[in-house]
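Residues per chain are reported as follows:
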Amino acid sequence: MAISVQALGRTYGSLAAVDALSFDVAPGEIVGLIGPNGAGKTTTLRMLAGILKPTSGRVTVAGFDLAQAPIEAKRRLAFMPDEPHLFEYLTVEEHLRLIARLYTVPDFEARARALIGELQLAGKERSLPGELSRGMRQKVVIACGLVRDASVLLFDEPLTGLDPMGIRLMRETIVRRARAGAAVLLSSHLLHLVEEVCSRVMIMDRGHKVADGSVHELAARADLAAAGSNLEQIFLRVTGHDTSADAPASR
Amino acid sequence: MIGATFYIMRCSAKNRVLRRLQRLREPRYLVGAIVGTAYLGFAIFGRMLGRASAARRGRQMPTALLPPAFAALGPAIGGFALMVLAVGTWLLPSATGLLSFSSAEKEILFTAPLTRRQLLLYRLIRSQWSVLFGAVIFAIAYPSATSGARIRGLATVWLALMACNLFMTGVTLTRARATIAGAARRLVLLPQSLTFLAFLVVAAGLLAAVRRAPIETARQAFDMFAAAVGSGAARVALFPFAALVRPLFAESLTAFIPQYAVAVLIYAVLVGWVLQLDAGLDVVSETTGDRIDTPRPFRKPTYRERAPAWTLALQGRPEGAFVWKAAQQTFRRVDRGLIIRLAVLLAWGMFVVTIIGRTRGIAQALAGFAAFAAVFATVMGPQIVRSDLRQDLANLDVLQTWPVRPAAVVRGEILWPAIVVTAVAWFLGVIALSMSASLFSRTGLQLRMAFGIAALILAPALVLSQCTIHNATALLFPGWIPADGQRPRGVDALGQRLILLGATWLVLIISLLPGAIAGGILWLAFRRFIGAWILIPSALVATLFVLVEVLMATEALGPAYESLDISSVERIE
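Read top to bottom, the protein sequences are chains W and L. Taking our numbering, the leading residue of the first sequence gets 1, the next gets one more, and so forth. Taking our numbering, the leading residue of the second sequence gets 252, the next gets one more, and so forth.
In case anyone wonders, no lab produced these hints; they're calculated from the structure. Treat each hint with caution, since some may be false.
Each computed SDA-like pair below joins lysine to any residue, with the alpha-carbon atoms no more than 25 Å apart [claimed, not checked]:
1) W:Lys53 to L:Arg555
2) W:Lys53 to L:Ala658
3) L:Lys357 to W:Lys53
4) W:Lys124 to L:Arg555
5) W:Lys53 to L:Glu806
6) W:Lys53 to L:Arg279
One side of the interface only, derived from the structure: several residues of chain W facing chain L at Cβ under 8 Å [claimed, not checked]:
7) Phe23
8) Leu52
9) Phe64
10) Lys74
11) Arg75
12) Arg171
Glycine is no exception: its CB is placed at the ideal position from the N, C-alpha and C atoms.
So here's chain W without its partners, still in its complex pose:
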């Protein structure tokens, strides 16, 4: 498995943001992580990226334990957060160069050139982040993640701030990387995107995994049958927010 998560947990004081979460993501698979605000999606992704320390559980990335062999695990991992966080004093090209140095990227020049073209950043190579729009900054973060051949890609709301062309481009990029063998875990509130690109969907609520499977598998589940094959209905039903007449009174 490219990503293997076992009994992962993270608490803030008495609040369990993520509790006993287990799942796997195989190479080439795109898994959508959805859930209401505060469900623990971002906390999960940040634990997988090595930013937050889990309070319990174990994460392996491409066979490397994130706690035991963090350098090897991180070398195979690319995290693209929802908020584009860049160094205000480095240009676009310098961001890519810095990443290339830290991750030892072979053939950097050609890769960077291709990526800048692919993400429509041409002409912005020497711009500082302060001169870029939010969407452009988001593209730079994505470029930093993709400039190396990461076998695991973590996206947190990857389409935030992108224009329609950027959204389409991003969708295609994600699918292309997965076809090339990368395991993709994608968190988004855009259910149509998740439905369109993800081979599997994982629904979280209040720190727990409440559903896991393809949209068809979820739709076939006995307790969700009434929701039909629509991911939005499934999501609302699973998280107890379905207000339709045939919805159960409570979860």
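Please build the complex by placing chain L on the supplied structure of chain W, with the hints as guidance.
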């Protein structure tokens, strides 16, 4: 609008006080508040009690900071300093807090049915608070024998600071207005011409005085200055500037009142000037973009696009990447304005060293200043240059995703500020050393050279160990280190800073002990054989000890970096 302004000020103050009281529930703020209060109490009452006790014992306390000859010239010197500042502001305008509208102010007030003049008035009233705080600090530190003089000092400094603030605002607005004023451009720029004219008149008077008689001592310099600006056109040109600071030197209330009235009048003229420039506010607002959005204490630094200092090689140790990253940050932050401000600061430092040190000749003044500045850079530089983990804590969620050994991250972060501070200290130290004969004419060349070279060898060790301690603090107590561009305020924050400073010095002394002992043993053993030159190998041994300690410390800090939780990093209130 004035009523609304006071309402906003009242609510802000109330909420701020409540917030600060609430955060005292956290031990780190409570401890900080206790220490901060004790410090302020000591600073205010300790000084007063000390003076009262001295008076009871019949001891005469100094009533002024400056020697009488200098104090008599105070208004002229202060006025001349303000004049230079005014000219500098026209030549190189810098942002002023008075035009710093927060996002909320911009979105709510700019769209409200208010005139630009009302908005300016609003900012003018609001900015009084922060200026008043600065003036209170000055009044506390003001070396005065009576509380009356202290209050007079407070009132004068408050007015002078507000006048400076207003002047900078006026300059910014004038320049903005000039772009839209059309035919009235000349009229708008009239204050600029007047300022330059006044400066030229005073400068011409000073130059003529310098040519008339050679200056060899500080006393002669004072006399020349007094003669040059104390009469004729120069006196008239300097009058509005000198009038703003004159009340500070008044010896009694009777003398103070009329002088203060004149200063208030000048301030009122400045207010009128700024308010009639209201049309420039929109231009400033549009052109400054984000800068105007962020209140000064929370403003993030701005960087200029500039060719990289060097191109980062794609292969090599990760520490090199961190050094390169921090170097870009430094070089893109430093601009012409910063260099000029630094030059002014250096010139001022030289002036102070010349006056206080009673130096004779430029070589002695330069050597004295360079020696002082080298020591200052070595001791205070690591606190000032913070382009390491102290700033990068804000980027922790990026750094922690990188596949780099934690110890390498710590080392990489520490290296650049250590290099910068050491380079500055070495540069100044070499100047001081090369001119040391003028400063220590009775000391032999051998001792001077040996001591100087030993000091230069020790400088990087001192700097590196301080940088390591500061970064260790950032890693071990991240909640005490404000994130990039943030500066928490309040007595508790002041106390936190004092505790950190004390702890840093304590740890520094402890960390230097082994090296100092080893160097000391070497010095004792070989002093008789090679004389003062033994200082050099002693310094080398001490430096080596510190370097090994730093290396060990960075390795030991690795786990702390690895387990550092971004949620524990300080966020501004």
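Evaluation of the provided hints:
Taking the CA atoms of W:Lys53 and L:Arg555, the gap is about 36 Å. The hint is violated against a cut of 25 Å. Distance check on the hinted pair: W:Lys53 and L:Ala658 sit about 18 Å apart at the alpha-carbon level, within 25 Å; holds. Taken as a hint, the L:Lys357 and W:Lys53 pair is broken in the structure, with Cα atoms around 39 Å apart against an allowance of 25 Å. Under the criterion of a C-alpha separation no larger than 25 Å, the hint pairing W:Lys124 with L:Arg555 is consistent with the structure, at around 15 Å.
With a C-alpha separation of about 20 Å, the suggested pair W:Lys53 and L:Glu806 falls inside the 25 Å cut-off, and the hint holds. With a C-alpha separation of about 23 Å, the suggested pair W:Lys53 and L:Arg279 falls inside the 25 Å cut-off, and the hint holds. The restraint placing W:Phe23 at the interface with chain L is violated, with a minimum CB-CB distance near 20 Å, outside the 8 Å limit. With its C-beta approaching chain L no nearer than about 7 Å, W:Leu52 sits inside the 8 Å limit, and its interface hint holds.
The interface hint given for W:Phe64 is violated, since its Cβ lies 10 Å from the closest Cβ of chain L, which is over the 8 Å cut-off. Hint status for W:Lys74 relative to chain L: holds, with the closest Cβ pair at about 4 Å, below 8 Å. Taking 8 Å as the C-beta contact cut-off toward chain L, the hint placing W:Arg75 at the interface holds, the least distance being around 4 Å. Here the hint on W:Arg171 is broken, as its CB sits about 23 Å from the closest CB of chain L, past 8 Å.
In summary, the numbered hints that this structure violates are 1, 3, 7, 9 and 12.
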